[in-house]
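Here are the chains, one letter per residue:
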Amino acid sequence: MDRKTINVTINGEQYIRNVEVYMTLAEFLREEIGLTGTKIGCNEGECGGCTVIFNGRPVNSCIVLVNEIDGGDVLTIEGMSQDELHPIQEAFLEVGAVQCGFCTPGMVMSAKAILDQNHHPSEAYIRKNMEGNICRCTGYVRIMKGIILAAERMYGKAE
Amino acid sequence: MLPRFDLYEPKTIAEACALKKEHNGRILAGGTDVVIDMHGGKEFPVIIDIKGIEELETITEDENTITFGALTRHRTIEESVFFKKYYSALWDGCSQVGSVQIRHRGTLGGNICNAVPSADSIGPLQVFDAVCTVASPEGDREVALKDFFIGPKKTILGPDEILKSITIQKLKARSGSCYIKYGRRKAMDLALCGISCMIELDENDTIVKSRWSLTTAAPTSIRNYPPEEYLTGRNIKDVDLDELGKLAVKDAKPRSSWRSSAEFRIALLDEMAKRAYQNALSRALEAKTAPPLMSEETGFNVF
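Respectively, the protein sequence lines represent chains A and B. Just so you know, my numbering puts 124 at position 124 of the first sequence, and the rest follows in order with no gaps. Just so you know, my numbering puts 231 at position 231 of the second sequence, and the rest follows in order with no gaps.
Same shape as in the complex, but just chain A (with noise of 0.2 Å):
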């Protein structure tokens, strides 16, 4: 085949679309759905620009073809906030971890991924997990300090 229905919720609303397959997730975000939050950077899954939650995974949606999204679950940059902006996009405005500003919905969605699924991240494991993300303007040290703060806000500190 190569056209295909896909079935999708996407921040928490169902869209239903008959595309082309050889689409990846990050075009049918941008072009088909019209959320260009989600960037293109390398479009090749080295840089992490185009980082969205998928099924609970944080993945390169540049590399994820949109066949496989039907009937799942997927979380952009624009699902993080509704009235008020996330805490971790608090935490990144309030520490200034954004320069340019292109690698940052990747960033935070990295950064949502790590504190989905551990509330008191080291410094050492958020490290770890933001290895595929990255940052021209070199701006990792705040980007750090906003997702340590946002872990601090949302659950506290560690014991």
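Think of the hints as simulated: they come from the structure by calculation, not from any bench.
With a cut-off of at most 20 Å between alpha-carbon atoms, the simulated PhoX-like pairs for lysine-lysine come out as follows:
hint, chain 1, residue 1, chain 2, residue 2
1, A, K128, B, K85
2, B, K253, B, K146
3, A, K4, B, K51
4, A, K128, B, K84
5, A, K145, A, K128
6, A, K4, B, K11
7, B, K288, B, K84
8, A, K128, B, K186
For chain A, the structure is supplied; the task is to place chain B on it using the hints.
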């Protein structure tokens, strides 16, 4: 948009084998190699996505073995306390593949079938005497992982065969293992070279079993016999590390590439062999009993 292809989504292994033969199709697992190739312009007229075949995802065990479905994800191993503690070389390898995002997608089966010499999970699997179960319409056959490769990116898989699962031998008490990867960065980098080892001790500290393998040191991942022969039957007091390092690189035939010269790879492997042995040894000395059943020790690994 990717180059155009025709997509199939088989639900059974038999269906996948038939489709592969009929269309000479490219099997798609996690997509961390295939989709990246497509982004690079490579055309695969037919893609067969096997992720809908549920039985390929399970990990099962019996008294002597653990069997990973071909779609077992690297991250699944990485998150497991069981594999970190008892099958450390495999954990060392799986937790250093690409990045978190890649490990959530990439599979053991995909890593094996892509068959590059730098694959981080193949060397560690080899030191646990891994055997591949290959499915075809005629039935299953077993091939030792060390015999699975015929060259870079080339495997023994026939036109109607797919890799179904990988089985490793369970360790005994006083066993330990280690994989060391050398890369220029800590993430998103291929192994410049890598070395895996497993040793088992008896109650008098004599090494009764030893397995070694090399990564990016030959056209494929290879078993490494000289250090195995040197260590087997030797007491740990009589192991000369310099001798071990020399033997560990005896069969290594790395090439010079833009990543590194062959000489540098040899020098690295010599040193890494000593460290891998010492790590495996300290793990073996701590392992007073044989690993428990996988089902008895579960838990999320916070490293």
